[in-house]
Amino acid sequence: MLPAWITIRPSSAVLRLVLRGRLLICALAAFSTASHQAAAQAVAPRFVVVLDAAHGGDDPGGRLANGQPEKAFTLALSVRLRSLLTARGIPVVATRESDGGVDLDRRAEIANRANAQACLSLHASESGSGVHLFVSSLAPVSHTSDKEPSLGAPVQSERFIAWRTAQAAAVNRSLALAGVLNSALLHAGMTVTLGRTSLLAVDSMTCPALAVEVAPERSPGHKATAELDNPGYQARVAEALAAALLEWRAEARLP
Amino acid sequence: MIPRYKKIIFAFLLVTSMAMSAVLWQLRERAHKRLIAGQDTSPTQAPAVAPAEQATLLVANDDYNSMLPQVHSLPLPKDPGARARAILGKLLDLYASPDANHPVPGGGTSIAQVFLLPAAASASAPESPRAQPSATAVPDPRQTGPQLAVINLTGGFVASHPSGLETETLTVLSICGTLHANLPRVTQVRFLVDGQPHATLAGHADLTRTYLTAEAGPTEPTHP
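Residue numbers (this note's numbering), protein chains in the order written: chain A, 1 to 255; chain B, 256 to 479.
I should point out that these hints are in silico values taken from the structure, not numbers from a laboratory.
The calculated lysine-lysine pairs, modelled on DSBU-like cross-linking and capped at a C-alpha distance of 35 Å, are:
1. B:K333 with B:K288
2. B:K345 with A:K223
3. B:K345 with B:K288
4. A:K223 with B:K288
5. B:K345 with B:K333
Computed footprint of chain B on chain A, listed as stretches where at least three residues anywhere in the stretch have a Cβ under 8 Å from a Cβ of chain B:
6. 59 to 71
7. 127 to 133
8. 195 to 207
9. 214 to 223
Nothing here was measured: the structure is a model prediction, and the numbers come from that model.
Idealized CB from N, CA, C, for every residue including glycine.
Turn these sequences into a full structure, and let the hints steer you where they fit.
Spelled out as structure tokens, the structure:
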């Protein structure tokens, strides 16, 4: 039996404090639910483009006719294309914005984290003519869902996807993206060649992805009519690519 | 007074030493040029005593990003590995010629060796397009199934190959397609450079994967 002087008697002040604490907890819980809903709205699919300026840092890539390294050309094209897309309201994620080296796996990681609807790996070469569009040579694998995903949607599969062959699930949409770019470039009066290749960074991307290689424009007699260092030619290529991505956004029906 | 015979001997020795110097200088120049060009003096041409046979080469064209078959007649040895090397040597000789539409320096000496091994069955399954070949595979001469060709390229060829997605892809695919056209059992191809795995051909085309020859058929020009 406890003595009477240590008996706990809740006063009305203590009860009021407990009540206020409970009210505070309820308010915090409600705020948390609302913020979760807001976050869910924030990650709703948006049309995002990833631009991967190939090479950089210690890897200069090929050497162009004017002595410029390929890494400088791809970065300049990426910056030009980014400004065109941003001006048209398309968010862009660039794998590099300076002459820093970025690992091939890191490039794919950036693209996959961005949840992008189009990924372009930009290259340049002195061989061939016009613009070369390359899709991964991986064989397409069937999607887990019965419903075919929309054109621009990144891969949302519940199956395990191997890193080195992640693009296999998106190859069909990459081919569709290549078709859109091909039409836009031809419409701009450029020579386009289509092909399949095995490129480490592109093969690990889960978004519709293409390697875009820009070469000088040549006449049938193999004489260069527009060199890579021609600013007008660079602008034409960038404008055509931007127009193609606008069309791709319209087909994907994403804001 | 110097005797006459001594004068004659001196003149003879002088002329002889000058001639020897000239010969030595020429030999030195020749050795230097061979070193610079990275010439391989090992026999790279198929023996001329072998009967000439027809070989189908899948010849690449950079202008159209295409590969078209061409039939050439050349002496081919009986051994499949040496045969594959001779055929690929001819293909690379075409690319090294001045009027090539897919210019690649190096020529036939760029193929150091071609090894033919039994192919891993899993690599041709559709679910594993990049499956690795069995590391423990041992060649069996009685085997009649699909084969894996391991092509050992020289470092000089890789170092001098033009850089670019299109040109590198065409080189790799035309090698794979040419092998399959002449040795139909070859269904997979892997590449080494100086006997070691190498990441890319010249900065772009992946040389770490196993190529399926089914991917490397003739392709029509993609633009007029």
